[in-house]
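There are 2 protein chains.
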Amino acid sequence: MKNLADLGERAAIRCIREILTKGTNSKGIGDDCATIDLGKEYLLVTTDMMYQRTHIPVQMTPYQMGWFLVASNLSDIAAKGGTPLGLVLSFGFPKKISVQFFKELIKGADACAVSFDTTIVGGDTKETQEITLCGTAFGTVKKDEFMSRTGAQPGDVVAVTGTLGKAGAGYYALKRHYSEKKLFKAFLEPVPKLKEGRLLAKQHSVRSSIDISDGLSASLYELHEINNVGFEIQQSALPLASELCLLVAKNHDIDPYSLALHFGGDYELLVTVSAEAIEKTQKTLRKHGVDLRVIGTVTKKKNIVLLDGANKRILENKGYEHFKKHRF
Amino acid sequence: MKNLADLGERAAIRCIREILTKGTNSKGIGDDCATIDLGKEYLLVTTDMMYQRTHIPVQMTPYQMGWFLVASNLSDIAAKGGTPLGLVLSFGFPKKISVQFFKELIKGADACAVSFDTTIVGGDTKETQEITLCGTAFGTVKKDEFMSRTGAQPGDVVAVTGTLGKAGAGYYALKRHYSEKKLFKAFLEPVPKLKEGRLLAKQHSVRSSIDISDGLSASLYELHEINNVGFEIQQSALPLASELCLLVAKNHDIDPYSLALHFGGDYELLVTVSAEAIEKTQKTLRKHGVDLRVIGTVTKKKNIVLLDGANKRILENKGYEHFKKHRF
Chain A
-13 MKNLADLGER
-3 AAIRCIREIL
7 TKGTNSKGIG
17 DDCATIDLGK
27 EYLLVTTDMM
37 YQRTHIPVQM
47 TPYQMGWFLV
57 ASNLSDIAAK
67 GGTPLGLVLS
77 FGFPKKISVQ
87 FFKELIKGAD
97 ACAVSFDTTI
107 VGGDTKETQE
117 ITLCGTAFGT
127 VKKDEFMSRT
137 GAQPGDVVAV
147 TGTLGKAGAG
157 YYALKRHYSE
167 KKLFKAFLEP
177 VPKLKEGRLL
187 AKQHSVRSSI
197 DISDGLSASL
207 YELHEINNVG
217 FEIQQSALPL
227 ASELCLLVAK
237 NHDIDPYSLA
247 LHFGGDYELL
257 VTVSAEAIEK
267 TQKTLRKHGV
277 DLRVIGTVTK
287 KKNIVLLDGA
297 NKRILENKGY
307 EHFKKHRF
Chain B
-13 MKNLADLGER
-3 AAIRCIREIL
7 TKGTNSKGIG
17 DDCATIDLGK
27 EYLLVTTDMM
37 YQRTHIPVQM
47 TPYQMGWFLV
57 ASNLSDIAAK
67 GGTPLGLVLS
77 FGFPKKISVQ
87 FFKELIKGAD
97 ACAVSFDTTI
107 VGGDTKETQE
117 ITLCGTAFGT
127 VKKDEFMSRT
137 GAQPGDVVAV
147 TGTLGKAGAG
157 YYALKRHYSE
167 KKLFKAFLEP
177 VPKLKEGRLL
187 AKQHSVRSSI
197 DISDGLSASL
207 YELHEINNVG
217 FEIQQSALPL
227 ASELCLLVAK
237 NHDIDPYSLA
247 LHFGGDYELL
257 VTVSAEAIEK
267 TQKTLRKHGV
277 DLRVIGTVTK
287 KKNIVLLDGA
297 NKRILENKGY
307 EHFKKHRF
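So the protein sequences, as listed, match chains A and B. Residues in the first sequence are numbered consecutively from -13, following this note's numbering. Residues in the second sequence are numbered consecutively from -13, following this note's numbering.
Everything labelled a hint here was simulated from the structure, so no lab data went into it. By construction, the Cβ of each residue, glycine as well, lies at the ideal position given by its N, Cα and C atoms. Do not rely on the hints blindly, as some may be mistaken.
[Stated by the list, open to error] Here are the computed lysine-lysine pairs in the BS3-like style, where the Cα-Cα straight-line distance is at most 25 Å:
(1) B/K128 <-> A/K26
(2) A/K304 <-> A/K171
(3) A/K181 <-> A/K128
(4) B/K(-12) <-> A/K89
(5) B/K181 <-> B/K128
(6) A/K82 <-> A/K93
(7) A/K8 <-> B/K89
(8) B/K168 <-> A/K13
(9) A/K8 <-> B/K93
(10) B/K236 <-> B/K168
(11) A/K(-12) <-> B/K89
[What the hints assert, rightly or not] Computed far set for chain A versus chain B, every beta-carbon distance over 10 Å:
(12) V44
(13) K81
(14) H163
(15) A296
Please put together the full structure from these sequences, using the hints given.
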């Protein structure tokens, strides 16, 4: 008898998609958020589960766990151009959890929600063996501002918000017991790019959008598969995070590009934008203090090529499994 | 250092309520569903987590687990008079889970959603040590049809849909290895009362409403606390389930009233209705094949009294913990 591990992640998700009945009011599964037709708007819904042993770094404080749970869900709303309406949270806690721990977790979740002008409107707690945190965020977006994963066209420009490798740098900094907090803050308390998502959505120039919490390479492969297109990515154009540069200064054995390309946990948005609109889009975002960096182009050829000066190689698809969402 | 077990369930929920910032678009926490103001309607959102060791009976098939997860979430939408828009599900599965198990679970979840004219629109899977299932259902209800937990008034009539003790009977039937499927079907594949909830909501006569999945007594105590009222419940008026009668015929040591009053898992609706409107409400529901049984009255006196012929005693508040939702 085959088990889930034999089946593999992709086949498992294909299997779910085949079984589920498609609704008439939904775009179907496979985007950062589920969408429900509300007339002029879409209701956006996303859910994410974190489990102590496999998804929560041991150095994470309870406050940060709460923050992280909310931030990772809000990031999916951001990637679709949405405005959050609220969140519901389900917690599974072992009985031995201290009241202090529990309170700090709720405070962290509340602080993140409030920071992004939204609130936790309800939830559920259960007794479990290991800490299990499940968040669901919901929001709305005007239909003509919805940024789908589907829509990338050859000739589009590929761009990312913010910087890459923050989370990877934080992970290694913690692993090596560095004490500089600024090295791992972005890893443990990520910032969902809601402002950036709204700004992008209002430009009407984004053809496809995805959050890169699974890693840049994994997200590019996701867009490649959905849109049946390829990419040419310029390695030198990748906006490396200052955290990453600091880490590399301390550890010459670390390849910053590998972390920037493959490590999950950077809650930035990856978009493809029509070539004629990219300059105006960048200019408008810059006015609001948002950096949108062009890192490549969408190609007809169906592979993902990394250009490093004169070198050209196929980009590997290696997301870090412990961060990867197996979304359906 | 105090831990969660010392704190107790009620104090833990009070603690969550104190920490969370209240949003301006939400009615706040403490109802079957969270509500978000959408203008003419409320968006209803509810979430529920099931965990193998503590919440899933060993006899439950994977198909039934999927069904149960969806049904328990839809029941909360039903209790508020809502129409479901969809669900998102988060699964935590151990690697050793068979593909067959996984497929059956998805089929069960899909079948339940489709049975109640809704769909599963997305989700997330993670690798966990024990099976963890987290569902979130969302729906809408017109503001003037929303049935809150708040609003019960002395003089109101207390009524329940359907029958009581089905789940309790199923639990005991399984425990004693009885083979009659009809004894435990309602326990393992509960039916969310969405049709009943809509019918009730349209009457505009319901003053407060709650689902009794935590048990009738626990739900009465919940309404008592929120509304600062008491209840007089007529034991002889309780609509005992046929499953319960069958069980008692086999086991004379089982007290059917105790199961009907205290055992969780009956996904019926408990409502208080204005006394002048109860007859019309019952009549209208009966036309649609729905039985709404009057079981008592709301009192000014703040205790919950059970009348058994000439006997009068305070109703105990004992929900079965393994079913109880610790909702915030």
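Hint-by-hint comparison with the structure:
no., hint, result
1, B/K128 <-> A/K26, "holds (18 Å)"
2, A/K304 <-> A/K171, "holds (24 Å)"
3, A/K181 <-> A/K128, "holds (15 Å)"
4, B/K(-12) <-> A/K89, "holds (12 Å)"
5, B/K181 <-> B/K128, "holds (15 Å)"
6, A/K82 <-> A/K93, "holds (19 Å)"
7, A/K8 <-> B/K89, "holds (16 Å)"
8, B/K168 <-> A/K13, "violated (38 Å)"
9, A/K8 <-> B/K93, "holds (13 Å)"
10, B/K236 <-> B/K168, "holds (14 Å)"
11, A/K(-12) <-> B/K89, "holds (12 Å)"
12, V44, "holds (16 Å)"
13, K81, "violated (4 Å)"
14, H163, "holds (26 Å)"
15, A296, "holds (41 Å)"
The structure does not agree with the numbered hints 8, 13 stated previously, though it agrees with the rest.
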